[in-house]
Structures are given as structure tokens and as C-alpha cells.
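K.L.:
Hints given; two lone chains; assemble the complex.
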Amino acid sequence: MMRSKLIAELRPRREVVSTITKSKMLTGNVTAAWAARLAEVDYIPAFPITPQTEIIEKLSEWIALGEFKAKLTIVDSEHSMLAAAGTASLTGARVFTATSSQGLLYGFEMLYNIAGWRAPIVLVNVSRAVAAPISLEPDHNDFLSTRDSGFILLQAETCQEVLDLILLAYRVSEDNRVLLPSLVNMDGFHTSFTREPVKIPEIEEVRRFLPKYTQQLPFRASKPSAKGVAVLRPPLYSFYKYQMHLSSINAINVFKEACEKFEECFARRYDVIEKYMLDDSKYAIVMMGSYASIGKKAVRILREEGVSVGLLKLRMIRPLPSKDIRKALEGKKAVAVIDQNISPGLGGILYSDISSILYNSDNKPKVILPVIGGVGGKTITLDEIRYVVELLEKYANGGEPEPILLLREDELREVESLLRIGVGE
Amino acid sequence: MAQTRYRSLKDLLGEEYVVPGTPLCSGCGALLTFRLFHKALGKKVVWVNAAGCITLMIVYPFSPLKSSWMYTAMGCAPAGAQGIRDALDILIEKGEVDPEEDLKVVVVTGDGAANDIGLQSASGAIHRRLDFYYLCYDNEAFGNTGFQFSPSTPYGSKTMTSLPTPLIPEGHKGRKKDLFEIWRAHNPPYLATVSPSHPMDMMRKIEKAERFKGPKLFISISPCPPGWGYDTMKTIRMARLAVETGVWPLKEAVHGEVRHTFIPRSLKPLEEYLKEQERFKHLFYPLRREDIIGRMQREVEEYWRKVYSTEVLEEKKD
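These protein sequences, in sequence, are chains A and G. The first sequence begins at 0 in numbering that gives the first Met the number 0 and counts up by one. The second sequence begins at 0 in numbering that gives the first Met the number 0 and counts up by one.
Next comes chain G alone, as it looks inside the complex (with noise of 0.2 Å):
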């Protein structure tokens, strides 16, 4: 690792901006994400949100943050990021804004409006080479409607639109959309997967974006007690089993090309993941599913073997 701010734990001490409070879930995943993130930007901070959990952060008349917050609409948050950064340039270009006040401008949304509704609104604003942060917090379904199943929702899970039935035994039929891949196609200058449960990992990564102007695009695993079923103080533990057992690569893009910063040596097996969800417990009980179970495990396996085949292998050879 080159020159880093973040060489210990201790490294993430500081300030906070996002101080304690908030009105969402106890053991909130995308909550331990956005506080991380705003430490590594610091304070001068505009956060453009479309509607998801993160939303009823802030609820007139309260806020949690040090930092300034613009609710714009499901469909078009990297569209208000836009609009704030073009005014800043053009109000700092004619000298009326001092660029002392210049803002980082980041999106933060859920995966519903990543992957679905806003996709057209991000393609834009990436396309565009719009300089910004996006922060999309995965919890892999509609968490603040209730848990109903995004495309981001990964096959076998149980959401309140995809319940299993002895028809539909696995639950959710679909496939997880690969976002990544979406907004890699786009040639962003950085790219990353991010983890609340590696913190150096997630800090050394919007420590390196920062030197790209351009769209720097995060999408953090994101562990929700009520939605995924577990008890609120095992969040971290979730995320970390989802890095360990390979479902949640940790990688990178730079200019577009591909690079894992945590490669397990040997993946534990999913299941360990899946048993301690309700969301997977009809994998489980009252039949224990092999057939899905194993369909799942293979489509990680075949995910890391390309990745073993690729770049562990260029390693070696170096």
C-alpha cells in the first residue's frame, strides 16, 4: 500500500459528522457504511439522496449530520448532484463563489434506486463524466417499504414479494443485477465494493478516489436486521461472513480494469452465511433444500474461479 492516512484502526478515530441519534434501524448496515464514508470525505460534504432508508435520517426538524443533505426524488439523485456541482463551477468560474465553499458532491441510495429507477439518471450523470461520489447501500431488496425484492435481491431469498411457497420453494427466482459490471461498462475512473466489516479496506479505497475527478462509484453490502432477520448486534458479523464466503467480492476498478483487494485463500462454505438469516430459512427448514442450496454455492465458486484463474495466477506470475 502507497502512501495512506489509514494505516491502523486507530486511524479511524476523529471527528464525527454523523453524530448519534438517528431514527433508523438499531444494527443498521448502510448506517455503519455512511458514517465511515463521511469520516474519509470530511466535512465539506453535500449529500444528494433519492428516497430509500437513508432518507428518514433526516426528518424536519432534525438532522444528524454536520454536513448539508438534498432529498431530490427516487429516480434522480446523480441528476440534483449534477445540478449542485454545475452551479458551484459555473458560481465559482465567475467569481461569485469562493472555492473555499466548494462542496464533495455524493449520492447516497439505496440498491432499489441504483439498479432500477435511477439507473437511467446514473448512467447519465457517469456518462457525462459528472464529478461526484455515488454511495449505494445494498440491502438487497426495497428495505424501507417493507423488504419487497429489488433487482438486486439475490436468487433463494425470501422477501415479502417473493415468499416461499410449496410452488415457489427457493423464494426469489431472479438473479442479483451485477451493478458493478453496469457502471463498469460506463469507464468510470474509480470503482469499488465496500464492506462495513473491513473498514481499512473501505477507507483506502475513497482515500485512492479521491485523486480521480470523475465519478467515483461505491457499492457497500449493507446487513438490515429487520429485512434480512437477524439479531441487530450481529450486522458487522454478517457482512464479514458475506466477504468470507465470497458472495460479497471486495474488489476494485481503476480506469475500468478489475482488481480484488481481499482474496480469500479458501471460501467457507455459504451456507454459514445463509443459516443465520431468516431470509434463507426456508433453505433450511422444514426440508433442507440441497438442490438450491448448492445452486447458490456454485455460482460463488464459478464467480472465484475466474477470479483465481485471472488474477491470482498474473500474481504469480509476477
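Only chain A is shown next, with the shape it has when bound in the complex (with noise of 0.2 Å):
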């Protein structure tokens, strides 16, 4: 008794309660690990990688104490790592995890695997650029290069939208039209490591919204299975592939239903994608992640200063929502998407979806202009944003737009200068 005192005295306060808010303050860390919590997950098989350390460091820390009970390894890499999480949700146990950029890639051949054996675990990634060159600073190459695998992408703007679309992934993963793990996105430092007022629920409350997971067929000595099979005719193949893109398009319903019960439960509500100041403006943007906040604060500011634009933030990665994109954004003038990662040949990722989803409507934008923001963590700037709207007011009367690489001059000058050093001069 006295000792698990002492212990207790000894851990770190790092959770300090706002008196306003009535709210704690979370790092977007933290708060992924008090949602693993909160789910009651049964396991988590772990390899640290900075920026997601925190988050198994804070599981650990609370399994150790006896305050949460689930089984936790360290395990060699994140290809085990993942092989593992597959296994043990096969075997009926809800597993949660963590990653980042290198992690995530080291361990991709698994990530098709375990959407295949349609094992629903949950995986968060802190974004984070990918090498080379290294870097620690959030960008979306990691994260969308999943976007093919048959994860639930979604994507948190805010540490409160961490914590809440976890449980709404673990909702929407273990629902039997759906079956597919998820994978919750957040920006490495931006997100990661920012403390913003969490709500953080009680148990009771949660499993009200979040029931128990069973899996159908898990690995019992009475029920012998065999899992992961090879499947040598081609059409049985296609067959297996179509019905996860089914599963996956299922999924949007279903997160929709989850949102509606997660408003009655905890009284906040989401969707599938995020309108802000949108239905009546002429231009709109097309943001994600903590960066849609600052894209947010730029519309604000814009539409004080009378031009008539809105933020299409997507929530919803992969299935991607069609419809409500294509509701948000048709009779728009022009649109802007802004992507924070680049694929080199090509330009945004996210701006070819869009694309793809506005090419068959009649009332399609007159342009889409894509634009590369945010890659390696380099910030957007309301000035920058600034500019993408006045391109848009210029390509609306027409012109073919080719990608649009921000830059700033402040920032151009510190890598003139970097560069002088590199070279020795």
C-alpha cells in the first residue's frame, strides 16, 4: 500500500487539469495512449520511433503501476511489430499500435496482411517525413503510401479528434460490414507533441459506445482454422480483393451511424469530412491534418477582408467519401488542394482524388489547382495561403496550372545560406 503510494507520488504530473475547461491538458501522445486505454485494448506489440515514443512510453508507464491491464512487448521491429498485432487480433484479442514514417514503411508488407486477414486492430502513425534525407518533421508521404492496403485511413486535426476517432475506429473496424483495421493519422510534433485540452471520457461511458470485440473464428483448440492461406486460382483472388473495396466503401455508412451514436454518448459530432465557412463561398481549399487549423484561421481572416472562400477539411482518407466530397465542393469557382507531402513526377497526392472525384459532375469547378505545402514540416503561412486564393481568382477565368511548390523567400534565403555551408564556400 505505502509503496504503490510512493510510486504513484513519483510519477511525472504531467497531466495537468485546466480550471476552465474542466478538461485535461494532453499532448496528441498522450492522448492516442488514453484512448488505447479507454478502449480497454487487450495488446500491444510495440518498437519506438520518434515522435510516436510517448505513446507506448505512457502504456507502459500505466501497466507497469497496475492502472490498465493489457499485455504490451517490445518486440524486434515494425515489421514484427505489425505481424504480431495481426495475429493476436486473429486470435481475439483488441490490439492497438503505434508507428511512424520509416516504422510505418519498414513494416508495409504486413499492413496488407493484416487488411487482408481482415484483422481490425487500430494503428496510429505520427506522421513524420520520410528519409532520405532524414527528418523528424511531420509530412503525409508516410501515411498516404498506405492509402492502397485496405486500412480505414483517418486523419486528426486536434488532440480531442485523436482520442475521439480512435474509438471511432475501433467502432468502425470491428463492425461486420466493414472487418478492416484503421489506421488514425496525426502530425509528428504539430499534433504529437502539443497540449491542447483533451475530454477525456469515462470507462462507463465508453463502452456504452464501444462494444466488446469478438472475433468469429479466433484460434481455440476445440475450433481448428487455418488463416492467411495461399489462394491460387485468379478470379478467387479478385474475389477476396473486391469484397475489402466493398467492406471498405461500407465503411463511410458506417462511420456516419458511429458519429450519430458517438454525439449521443459524448455529445460531439463528426463527419466523414469537416465544412468550415464552405457552403457559400466561391473558392475553397482542401486541407488536412494540424495544418488545416492555420488553413482555417486564413479563411477567417480572409473572409473579413471580403473574398468569398471556405475550408473542405478531409477527415476520411481511405474509402475515400465521393459523395460528400463532390457535394462540398461542385459550383465552386476554383479549388485548391493543398497537399503536405509529394509524390515526384506527379505533384499532390490528394489533389489526383479530388480530381478524379469532381471529373464526372456537371457542375465541376472550372479549375483545381494543385499545390505542394508542408513537406518536411515547413510551415504555411497566412500570407501563403493568401497567395494560393489570388491564384485561384486568376486561374478562374482560365489557364492550365501547373503544380505550385511553396516556398517562402525568408525560407529560400536560409537554404541559400545552408546550402553556402554545405558546399564549403
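If you are wondering where the hints come from, they were derived from the structure by calculation, not from laboratory data. C-beta atoms are modelled at their ideal positions from N, C-alpha and C, and glycine is treated no differently. Don't take each hint at face value.
Sample of chain G residues at the chain A side, in silico, Cβ under 8 Å [what the hints assert, rightly or not]:
| no. | residue |
| --- | --- |
| 1 | S66 |
| 2 | W68 |
| 3 | L90 |
| 4 | I91 |
| 5 | E100 |
| 6 | D200 |
| 7 | E256 |
| 8 | H259 |
Only pairs whose alpha carbons sit at most 30 Å apart, straight line, appear in this in silico DSBU-like list of lysine-lysine [unchecked claim]:
| no. | chain 1 | residue 1 | chain 2 | residue 2 |
| --- | --- | --- | --- | --- |
| 9 | G | K233 | A | K70 |
| 10 | G | K93 | A | K68 |
| 11 | A | K274 | A | K68 |
| 12 | A | K222 | G | K172 |
| 13 | A | K222 | G | K207 |
| 14 | G | K212 | A | K222 |
| 15 | A | K260 | A | K68 |
| 16 | G | K172 | A | K240 |
| 17 | A | K222 | G | K267 |
| 18 | A | K70 | G | K250 |
| 19 | G | K65 | A | K222 |
| 20 | G | K250 | G | K42 |
| 21 | G | K93 | A | K260 |
| 22 | A | K211 | A | K295 |
| 23 | G | K93 | A | K70 |
| 24 | G | K267 | G | K305 |
| 25 | A | K296 | A | K377 |
| 26 | A | K68 | G | K212 |
| 27 | A | K326 | A | K240 |
| 28 | G | K93 | G | K42 |
| 29 | A | K322 | A | K274 |
| 30 | G | K274 | A | K211 |
| 31 | A | K222 | G | K305 |
| 32 | A | K393 | A | K332 |
| 33 | G | K305 | A | K211 |
| 34 | G | K233 | G | K172 |
| 35 | A | K260 | A | K281 |
| 36 | G | K9 | A | K70 |
| 37 | G | K267 | A | K211 |
| 38 | A | K68 | G | K103 |
| 39 | A | K68 | G | K43 |
| 40 | G | K65 | G | K9 |
P.N.:
Here it is, written out as C-alpha cells:
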């Protein structure tokens, strides 16, 4: 008794309770750990990587203190981590794990397997730009590289959204109409290490929202089963892949249903997309993640200046909620897609997705402007968004835009100065 | 031998857990070991597999097994085993799974996965003291892809990526990786080599391993008719010759301490084993390569000289 009290006193007091909001001030990472704890996950295979580590540190601390009953195993790599996550899920455990960047790519092979096994794990990715060159700062190349794997992809903007999307992800992934794993993404540093007020629900409330996980045919002595086996007939392979696609499409409505239940339980409303001052705007910018907060502020300021612009924030990336996105952007004069990623030789990844959704619309925007910004954690300022909106106004009257690569003059000066040192001038 | 369920070959009868009619090659040495292994472990087993010949034992919708099977990927079968073991442990601890439903978790991979692409995953699992079995069926090459050399391929073997030529008369120039010693360096509670030609030795070793919690590791020689190039009816003969010529020592290590379970009084000449296989034919035709055969023979003798000088002498002292 004494001893446990002592340990409790020694614990770092990170969770300061805000007196104004009655919320806890938490980083995105600790929030993710809270979500796993509230979802009462059974199993967490883990491997440390910056900036994800705080998530597994927190979970391992709670387990060591006996505050949270789950099994956490630190394995030898992300490849092993994801393999263990998938097989544990097929054995009937609710599984949570987290990684970033290089780790996600190192375990990449297993993402397709977990999705194909229909193992409904939830994986948090704390975005970080992919080497080479090495970076610790966020962008979405790691996250979006998984877009064809079969995972349900959700992107959080705030710490509260990290918590809420993880809980929603379990409910959607484990739904029999879906049975696909989820990947919840947050931006490294911007969300992972920034403290924001987060409302942490009571565990009883979460239980009301999230039913227990049951695996239909888990590994048990009395019921042998074979999983992950070869399928050598091509039509059968096609059949299974089509099944995955159709189940993924189901996830759109299952997510919307879950959002209704979520609102009922927690009084917070979500949807597959989020519209910000969008319905009556002539122009639109499309963003996601923590940078959407900057975008929203820019939109607010531009509106005050009389510019008719709104923002579409993407929350669900796979399945791609095409109807919702089309409806939100139809009738706009011009749309800019600000991609926080780069596909060399193409431009932005989401630009292609958004363009393909709008192509068949009778009421499509005159122009869709591809913009690359925020790659490797490069900040996006109000001036840059203002510039993008000016381009929208220009191209709305015609022209064929090339991908815009954002880099400010002050940034260029910094780059040039570093390059001069690099070449030994 | 202390208490054992296996006193004579008759004790190997009883229920089969691998029914006839698998799509594996006739005469497959890996399948012989697998079948015996399954008998020793009983029915409450989940096999965790990495890409290899055995993977094709189960092609949807057919399985010859009465037990469970999980195919993972080539590099991570031990991690897949970790997930199943951990999940069963925590669900039993939480009271959500009846302990009667528990399973022995058994990794089964070929030598390519064990020595190369899956070595990190295995090293991690052994280091973490995962309570599991690992059966490596060693056919001394990447067999399923058509017999290319693996780190387990012996010096002098012809494979599809080490063809003997006038420039490279021996074929494979590399030496066989010593997986037994690599695994032993992790200090598992039990580790053994086995051969389908010596079923009593194999069964007793599996039986002995059951006493230990933690990693229980087995490497079985697995003669491969199409890869090694011999008649399918001679698989047991090939395995026996490997043991009797001394090239495949039968041994075990309990908590790291090595003991040979079969010490030949005199070694049969290695040539008897080599000349029956197509993969070594280039050592005999068109020219007999005394230099290469001699080198291989000396390596075997060198190994056994050390064994004789330690274990046999010690036994005499006792």
C-alpha cells in the first residue's frame, strides 16, 4: 500500500487539469494512449520511433503501475510489431499499436496482410517525413503510402480528435460490415507534442459507445482454423480483393452511424469531412490534419477582408467519401488542394483523388489547383494561403495550372545560406 | 533414458494429425518430420508459417491438418507466434478464454527463412523467452523457388544460383551457416537437431522439450528429392547417410549445454552420401574432384574430432 502510494507520488505529473475547460491538458501522443486505455485494448505490440514513443511509454507506465490491464510486448521491429498485432487480433484480442514514418514503411508488407486477414486492429501513425533525407518533422508521405493497403485511413487535426477518432475507428473496424483495420494519423510535433485541452470520457461512457470485440473464428483448441493461406486461383483472389473494396466502401456509412452514436454518448459531432465557412464560398481550399487549423484561421481572416473562400477538411481518406466531397465542392469557381506530401513526377497525392471525384460532375469547379506545402514540416503561413487564393481568382478565368511548390523568400534565403555552408563556401 | 512415452517404433502409431494427400512433393523430407513432430505435440497446436515449401501444404479451400495454421510472411513467423501467444495469455488471464482452449504455438519455416530473412524476428522471439516451438526444416536451399542457394547450403552443392562451371568447379563456394550455434548463443532452454531417419531420437527430444517453458528449437535435416536429385523412395536413406557420415550431427543443448545424442563409432565416408545426389554429381563426373571432396570430408572429421575429444572422453571418465 505504502509502496504503491510512493510510486504514484513519484510519477511525473504531466496531466494538468485545466480549471477553465474541465479538461486535461494533453499532448496528442498521451491522448492516443488514453484512447487505447479507454478502448480497453488487450494487446499492444510496440517498437519505439520518434515522434511516436511517448504513446508506448505512457501505456507501458500504466501497465507497470497496474492501472491498466493489458499485455505490452516490445518487439524487434515494426515488421514484427505489425505481424504480432495481426495474429493477436485473429486470436481474439483487441489490439492497439503505433508507429511513425520509417517504421510504417519498414512494416509495410504486413499492412496489406493485416487488411487481407481482416484483422480489425487500430494503428496510430504519428506522421514524420520519410528519408532520405532524414527528417523528424511531419508530412503525409508516410501516411498516404498506405492508401492502397485496405486500411481505413483517418486524419486527426487536434488532440481531441485523436482520442475521438481512435474510439470511432475501433467501432467501425470491428463492425461486421467492415472488418478492416484502421490507421489514425496525427501530425508529428504539431499534434503529437502540443498540449491541448482534451475531454477524457469515463470508461463506462466509452463502454456504452464501443461494444466488446469478438473475433468470429479465433484460434482455439476446440475449433481448428487455417488463416492467411494461399489462394492460387486468380478469380478467387479478385473476389477477395473486391470484398475488401466493398467492405471499405461500407465503412463510410458505418462511420456516419458511429458518429451519430458518438454524439449521443459524448456530445461531439463528426462526419467523414468537415466544412469550414464553405457552403456559401466561391473558392475553396482543401486541407487536412494540423495544418487545417492554419487554413481555417486564414479563411477567417480572408473572409473579414471580403474574399469569398471556405475550407474543406478531409478526415476520412480511405474509403474516400466521394459523394460528400463532390457535394461540398460542386459549384465552386476554383478549388486549391494543398497537399502536405509530394509524389515526385506527379505532384500531390490528394490532388489526384479530389480531381477524379469532380471530373464527372456537371457542376465542377472551373479549375482545381494543385499546391504542395508543408513537406518535411515546412510551415504554411497566412501569406502563402493568401497567395494560393489569389491564384484561384486568377485561374478561375482560365489557364492550366502547374503544381505550385510553396517556399517563401525567407525560407529560400535560409536554404541558400545552408547550401553555401554545405559546399564549403 | 528416463521416463518416456516412446520406447519402440510401435509407440509412434496412433492418431495422425496430417492426413494423406498434401500437395507437397512425393518423398518430401520436411513433411516426414512435420508429421512426426505433430504427433509428438498432439492436436492442440497452431502452426505459424513463413514462406517456404510447407506453405503450399494448405491452398484454399483444402487443408490436410486437423490443427490450426497461420501463414504470416517470409520474415516474421516468430513475431506472428508472439502475437498469438500473447493474445492467448492475456485473454486467459482476463478470464475471457478457457485454459482448455489454449494452444501450443509452433513456428515452422525452411532454412532460408530461419537463417536469413526471418533471423531477426527469431532472434527477437528467443531473446524475449517466448514460449514456443520452432521447427526449421533444412533442405539446404531455397527449395520452393526452385532450389537456389541459401545460407544453409553446404560447400560444394550445385544449386540454380551456384552452378558448377569450369571457373567455379565446386558449385557453391559458401559455407553452411551454423544455425544451431546462432540459436544457442541466445541461451534457449532447449535446442536440438533431428532427422526423419531417427524417429525415436526425434520424438524423445520433442517430449523432453515439453518440460521447458520458453523457446524450444529444432532443426531437422529435410532431404529434398527434386532439389537434391535422388529417387523419392530414398529420402530416409539420404537422411540416415547424413547422420552416419557425420555431416548431420544429432545433438541437443539443454540451457546451452551441448550433448550429442548419436555418436557414430566410426564415420561412414562422406562420399557415400554425396555420390547418391545430383547436386554433388559434378564432384565425381566427368572428373573426380578429390580436392573438393577431401576438403568436405576433412571439415566433417574436424567437427567430430572436437566432439570425440570432449564428450566421449568425458563419458569415459564417468
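K.L.:
For this structure, which hints from the list above don't hold up?
P.N.:
Going through the list in order, the structure violates hints 4, 6, 7, 8, 9, 11, 12, 16, 17, 18, 22, 30, 31, 33, 35, 36 and 37 and respects the others.
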